[in-house]
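Based on the sequences and whatever the hints tell you, model everything.
From first to last, the protein sequence lines are chains B and U.
Here the first sequence is numbered in our numbering, starting from 1 and rising by one per residue.
Here the second sequence is numbered in our numbering, starting from 1 and rising by one per residue.
Hints in this document: simulated from the structure, not taken from any laboratory.
Think of the CB as a built atom: it goes at the ideal place given N, C-alpha and C, for glycine as much as any other residue.
Do not take every clue at face value.
Listed next, the stretches of chain B that the computed footprint assigns to chain U, with coverage defined by at least 3 CB atoms under 8 Å from CB atoms of chain U [said to hold, decoys possible]:
#1 85-96
#2 99-112
#3 145-154
Here are the simulated SDA-like pairs of lysine to any residue, each with C-alpha atoms no more than 25 Å apart in a straight line [to be verified]:
#4 B:LYS104 with U:GLU178
#5 U:LYS196 with B:SER106
#6 B:LYS133 with U:PRO177
#7 U:LYS203 with B:VAL102
#8 B:LYS20 with B:LEU70
#9 B:LYS7 with B:GLU53
#10 B:LYS167 with B:LEU136
#11 B:LYS132 with U:GLN272
#12 U:LYS203 with U:SER264
#13 B:LYS132 with U:LEU194
#14 U:LYS196 with B:GLY135
#15 B:LYS113 with B:VAL102
#16 B:LYS329 with B:ASN347
#17 B:LYS133 with U:LYS273
#18 B:LYS133 with U:ILE199
#19 B:LYS329 with B:LYS350
#20 B:LYS133 with U:GLU181
#21 B:LYS20 with B:VAL65
#22 U:LYS196 with B:VAL102
#23 U:LYS196 with B:PRO152
#24 B:LYS132 with U:GLY187
#25 B:LYS167 with B:GLN82
#26 U:LYS203 with B:LEU129
#27 B:LYS153 with U:GLU178
#28 U:LYS273 with B:SER91
#29 B:LYS132 with U:ILE199
#30 U:LYS196 with B:LEU136
#31 B:LYS104 with U:TRP191
#32 U:LYS241 with U:SER219
#33 B:LYS104 with U:PRO190
#34 U:LYS196 with U:ASP173
#35 B:LYS113 with B:SER125
#36 B:LYS112 with U:THR192
#37 B:LYS132 with U:ILE175
#38 U:LYS196 with B:ARG74
#39 B:LYS181 with B:HIS192
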Amino acid sequence: MPKLVVKNLRKMFGTFEALKDVSFQVEEKETLCLLGPSGCGKTTILRIIAGLEVPTSGEVFLDGVLVNDLPPQRRQIGLVFQDYAIFPHLSVFENIAYGLRVRKMSEAELVKKVRETASLVDVESILDLPSKKLGLSEMQRVAVGRSLALDPKLLLLDEPLSNIDAKARERMRTELGKLQKEIGIATVYVTHDQLEAMTLADRIAVMRNGLIEQIGTASEIYDNARTLFVANFIGSPPMNLMDCEVVYDGNRVILKSGDLALDVTEFAETVRGKGEGEELVLGIRPEDLSLDVQKTNPSAIEAKVQLVEPIGARSIYHLRIGGLTVLAKGYAMPDVNVGSNLWATFNKDKVHLFDKKTEEAVV
Amino acid sequence: MVTKALTETVRYLLIVVVSIWTLAPVAWMVSLSFKGPAEWYAPNLIPLQPIFDNYISLFIPTNPIGGSYFFTSITEPITKPLINSLIAAGLGTLFAVLVGFLAAYGVSRYRAGGTFIIFFTLLTRMLPGATFVAPLMVFYASIRFIDTYAGLILLYAAVTLTYAIWLMKGFIDEIPPEWEEAALLEGASPWTVLRKITIPLTKGGLAASALFIFILNWSEFLFALVISVTEVTTLPVQISKYVSAVGRMYGTMASLGLVATIPSLVLGYLIQKHLVTGFTFGRIR
Chain B
1 MPKLVVKNLR
11 KMFGTFEALK
21 DVSFQVEEKE
31 TLCLLGPSGC
41 GKTTILRIIA
51 GLEVPTSGEV
61 FLDGVLVNDL
71 PPQRRQIGLV
81 FQDYAIFPHL
91 SVFENIAYGL
101 RVRKMSEAEL
111 VKKVRETASL
121 VDVESILDLP
131 SKKLGLSEMQ
141 RVAVGRSLAL
151 DPKLLLLDEP
161 LSNIDAKARE
171 RMRTELGKLQ
181 KEIGIATVYV
191 THDQLEAMTL
201 ADRIAVMRNG
211 LIEQIGTASE
221 IYDNARTLFV
231 ANFIGSPPMN
241 LMDCEVVYDG
251 NRVILKSGDL
261 ALDVTEFAET
271 VRGKGEGEEL
281 VLGIRPEDLS
291 LDVQKTNPSA
301 IEAKVQLVEP
311 IGARSIYHLR
321 IGGLTVLAKG
331 YAMPDVNVGS
341 NLWATFNKDK
351 VHLFDKKTEE
361 AVV
Chain U
1 MVTKALTETV
11 RYLLIVVVSI
21 WTLAPVAWMV
31 SLSFKGPAEW
41 YAPNLIPLQP
51 IFDNYISLFI
61 PTNPIGGSYF
71 FTSITEPITK
81 PLINSLIAAG
91 LGTLFAVLVG
101 FLAAYGVSRY
111 RAGGTFIIFF
121 TLLTRMLPGA
131 TFVAPLMVFY
141 ASIRFIDTYA
151 GLILLYAAVT
161 LTYAIWLMKG
171 FIDEIPPEWE
181 EAALLEGASP
191 WTVLRKITIP
201 LTKGGLAASA
211 LFIFILNWSE
221 FLFALVISVT
231 EVTTLPVQIS
241 KYVSAVGRMY
251 GTMASLGLVA
261 TIPSLVLGYL
271 IQKHLVTGFT
281 FGRIR
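Here it is, written out as structure tokens:
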């Protein structure tokens, strides 16, 4: 049975609807990431699951039991706050031991458990330090350790890496990932950083304005974005989106966007439902455009380089294709500069099509 | 360079002026307390013939001051008023701080009383005491609270409760609710959270508020004067009683005034460790 079931959650703060209708499940040992921009309601969901907020309507089930009326101290959930919320007047040992002391565990057992947890999160060497002297990553580990000491059923993490500088973040991300695999506890993870979501989560729920737009694995969301928002949010640099319209020319189906005409006859089936002149949005990720100095591919389109952003082995090329600015990510080509001409080929398998009005995916 | 020296001089000058302004009355009190009756109206700061009689007569009222007998209404030493003050101010402060802390916690965390509750409670302090001292007296008389410890203590607690709530809400607001929520999630009951997390972290604020309220209660005069008759006279009231047929006994009033500051000083000294912790405590980021 799923560890956590959230059904039709709705939350109003006065007249502001923070959550509209949110439902999802988390299985045992699974890590679900709630990904979305600030203010989309992801922290609110976390707080409702933990019991710190009461939903306006909707249900939360833990291990199949309805826990709506259960106060937070009885839910056996661990929550790591964004600013870690370490008790400053206690030492690291006492912070981790806090919950165990509340449960009046025997001293010997307590010490053993704290040391176990401390070694799990790698804070054994600083157990006796007062918490005021800790650095950020140490605080984060203590916070995680504190939640885990009680063997909770579910672990909730609220943007745990957002306070750490970029360099340390990579290391912490790897450590967190390793920790999750080791402990194997069901986890819900909130973040606005898509890279974190993609690397740490088994499944991602992309949220906007109090609703989940799509839930799926990282590759599902990346390759098969279901809405315009999801397509645009995931991916760095973001997906190129171009307004276009359907044109039927004899047997061929063409998507016209300004001066750009893309022949999509192979996909005539999927596009068939759309009438002539219907407006769609064409999406292609920068890495799905192949670039070449010469027209090696018959369907390649001419592009003029406007800007080159070198990012190591690859570069991001800002191209002007038929009146539109398109970003492409390709191997660094040393002789290509501003003003050069390149030939871009659209990888038709990776083309996304969205209905302009509903913003939903057609293909 | 010149302007810097100038600003420094002006600064020091100002400091000196303000210090003299503040401490002059205290200096005069010290001087008065060592003067005999002949010198009480004299303008010299240093007594020409210093005596200890003013202090001695506080404890042995029949002791002649400066060699002359003053007929006053005082026949007892100040020990009783001193104890009365300690009890009234001490217990009043204790109740005010206790109730005030819990009330402040409710207002801060649970938004008890609505958005304007602090404003409304502060309103009660905007009325001068003199406006309701008469009805208070009538009320107290009807429930036989005149000249009782209970009456005075309750009054002091009630009157300073507003300050307690107002001050402590500020200190409680400083503690991020996340810390309490984290403790809750660790399984602590709300009371445990209060005891183990909130109070230790607001100790400084509690100490500072307690001291402030104690000083308020300790130096309270109007209500003590009205409520007390003989049993619960407090030190401020006692000071006002040092009059004789030929005039006020300034020397003894001065000496008692100085003696009366000692408990507040002692209390401040005892809790200063907590005061410092309270005010220098910052967020842990």
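Checklist line | Structure versus earlier hints, numbers of those that do not hold, lowest first | finding: none
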